[in-house]
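**Q** Here are the chains, one letter per residue:
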Amino acid sequence: MAKRRIVLTFPPSMVEKPLTYRLVKDFDLAINILYARIVPRESGRLVIELSNSSEENINAGIRFLEEQGVSVEPLSKEIRWDEKECINCGACTAVCHSDALYMNPETWKLEFDKDKCIVCEMCVPACPLRIISVTF
Amino acid sequence: MGFRRTYEEINEKIKTGRVVVVTAEEIIPMVEEKGVEAVAREVDVVTTATFGPMCSTGAFLNFGHSDPPIKMTRVWLNDVPAYTGVAAVDAYIGATELSESAGFEYGGAHVIEDLISGKPVKLKATAYGTDCYPRREIETYITRDTINQAYLFNPRNAYQNYSVAVNSSDRIIYTYMGTLLPKLGNATYCSAGQLSPLLNDPYYRTIGIGTRIFLGGTQGYVAWEGTQHSPSVSRTEKGIPIGGAGTLALIGDLKQMDRRFIRAAVFHKYGVSMYVGVGIPIPILDEEMVQFVSVKDEDIHAPIVDYGVGRRSKPTYGTANYKELRSGKITINGKVVPTAPLSSLAKAREIAETLKTWIREGKFFVQRPVQSLPAEQLTKPLEIRQMNEFK
Ligand code: SF4
Ligand code: SF4
Numbered sequence: 001m002a003k004r005r006i007v008l009t010f011p012p013s014m015v016e017k018p019l020t021y022r023l024v025k026d027f028d029l030a031i032n033i034l035y036a037r038i039v040p041r042e043s044g045r046l047v048i049e050l051s052n053s054s055e056e057n058i059n060a061g062i063r064f065l066e067e068q069g070v071s072v073e074p075l076s077k078e079i080r081w082d083e084k085e086c087i088n089c090g091a092c093t094a095v096c097h098s099d100a101l102y103m104n105p106e107t108w109k110l111e112f113d114k115d116k117c118i119v120c121e122m123c124v125p126a127c128p129l130r131i132i133s134v135t136f
Numbered sequence: 001m002g003f004r005r006t007y008e009e010i011n012e013k014i015k016t017g018r019v020v021v022v023t024a025e026e027i028i029p030m031v032e033e034k035g036v037e038a039v040a041r042e043v044d045v046v047t048t049a050t051f052g053p054m055c056s057t058g059a060f061l062n063f064g065h066s067d068p069p070i071k072m073t074r075v076w077l078n079d080v081p082a083y084t085g086v087a088a089v090d091a092y093i094g095a096t097e098l099s100e101s102a103g104f105e106y107g108g109a110h111v112i113e114d115l116i117s118g119k120p121v122k123l124k125a126t127a128y129g130t131d132c133y134p135r136r137e138i139e140t141y142i143t144r145d146t147i148n149q150a151y152l153f154n155p156r157n158a159y160q161n162y163s164v165a166v167n168s169s170d171r172i173i174y175t176y177m178g179t180l181l182p183k184l185g186n187a188t189y190c191s192a193g194q195l196s197p198l199l200n201d202p203y204y205r206t207i208g209i210g211t212r213i214f215l216g217g218t219q220g221y222v223a224w225e226g227t228q229h230s231p232s233v234s235r236t237e238k239g240i241p242i243g244g245a246g247t248l249a250l251i252g253d254l255k256q257m258d259r260r261f262i263r264a265a266v267f268h269k270y271g272v273s274m275y276v277g278v279g280i281p282i283p284i285l286d287e288e289m290v291q292f293v294s295v296k297d298e299d300i301h302a303p304i305v306d307y308g309v310g311r312r313s314k315p316t317y318g319t320a321n322y323k324e325l326r327s328g329k330i331t332i333n334g335k336v337v338p339t340a341p342l343s344s345l346a347k348a349r350e351i352a353e354t355l356k357t358w359i360r361e362g363k364f365f366v367q368r369p370v371q372s373l374p375a376e377q378l379t380k381p382l383e384i385r386q387m388n389e390f391k
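Sequences listed follow chains A and B, in order. Start counting the first sequence at 1; every next residue gets the next number (my numbering). Start counting the second sequence at 1; every next residue gets the next number (my numbering).
It is worth saying that the hints were derived from the structure and are not from the lab. Here a beta-carbon is modelled for each residue, glycine too, at the ideal position from N, C-alpha and C. Warning: the hint list may mix true and false statements.
A few chain A residues that face chain B, going by a derived Cβ cut-off under 10 angstroms, partial list only [said to hold, decoys possible]:
id: 1; residue: E85
id: 2; residue: A91
id: 3; residue: A94
With the rest of the complex left out, here is chain A (with noise of 0.2 angstroms):
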């Protein structure tokens, strides 16, 4: 199976339009949506993962959102933790969504899984510690 985590922008006149029913349909994709931040009349923001047994589908499938006026990135920025630093607090976990960050409720102590992240980068100013930090 074949797997691609994308960021997708669009404009605010792109905004109701019924793009991931089109990729479903269209290109045979399953999508699983991380993020989605979308309000009307401003541009929205979606991190999904596609996936199709081929490539060839997937790549179908992001030439059409770009056509389409949607601007296309890969899901490339990490989210770097510094373990050793951490105070475990857990301020950062009071803005984490997607349950990536996370207090471990027997020792109390932060865990980090980054299959979960989204990279939505609120965690970086939530740490008072300054520990936390985006890498490219």
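Mind docking chain B with the ligands on chain A? Use the hints.
**A** Frame of chain A; chain B with the ligands shown alone:
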């Protein structure tokens, strides 16, 4: 009536290595299993601790005299202003003071942490010059080891309970309780709960002026009641205050501290603060003390306060207890709200364990308070008044 033990007996046991010490978390199942009386006989000391952001923190510094000498009128440490309206080379650096060059990213707390870490800190001072203090300016570097004296004096630490913060407004807000998401998107809380010092001695029977404590990795003392000490707030049947109540002013030698237990912090768009590690031993003088130290998270209730309203009195949404808060979600008006801590329970546990080891190894003795903290008192607000109102 009942079993009794004195401070002297405990210290004698510490000296001879026979003392029994457990943490305020460990004693809970012991009491459930063996009962209050048996535990009172068995355990001499219970250690409590907290590691949370405490803005009301700072250090008194005495720089020593230069040649020719200077009577400092303005002082900066790594560009962070310190207060020097005291004698010639005395200054107080407050944790929340901001750097004049780095703004929110560096402040008094960072200066304190740098000093504790042994890093050189740039000292700049200006003066008007006098006959006995002719020098008008100085620029030099100081470290923990070269400075004459440096001790923490924190006007308000170790809050006895605190509020839970939420935000009902429709925009994200940045507070000293962390980032609060709109429309009750999250809730933050800030107490070590059942391990927290003043929640284990709710009426200040053993924590008072002169109590020897763990402060930032070394021994320190309770100097006074903390600012905004407010013991007369409403309490539960078990005597636990619902929300912020008692506070402590703490003192300890900065030169002996360890940055593992005291750290500078930046709250986004709010300012600089300092995580301070405090540990307090509670002597088991009788059965009543066992009852106090066996307080559990579910017995501790905190008001849920709406920080989305920028006024002195903020609306509240009832209370939540610490067991619920630690479960990761609470329900407010039927809505499930995820919770997150701000104070580090993992660090608090490390402090309670460290203090336990110090006592067991005969390095730390319990101290009877020289005077109790006020048992009744409420915080007075600041009102806008005119001079003629006092006539
Ligand atoms: S960027 Fe931070 S807040 Fe956002 S999902 Fe990743 S870990 Fe969570
Ligand atoms: S906010 Fe920073 S210091 Fe606190 S737990 Fe998260 S990463 Fe660690």
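**Q** Decide, hint by hint, whether the structure agrees.
**A** Evaluation of the provided hints:
{"no.": "1", "hint": "E85", "verdict": "holds, 9 angstroms"}
{"no.": "2", "hint": "A91", "verdict": "holds, 5 angstroms"}
{"no.": "3", "hint": "A94", "verdict": "holds, 4 angstroms"}
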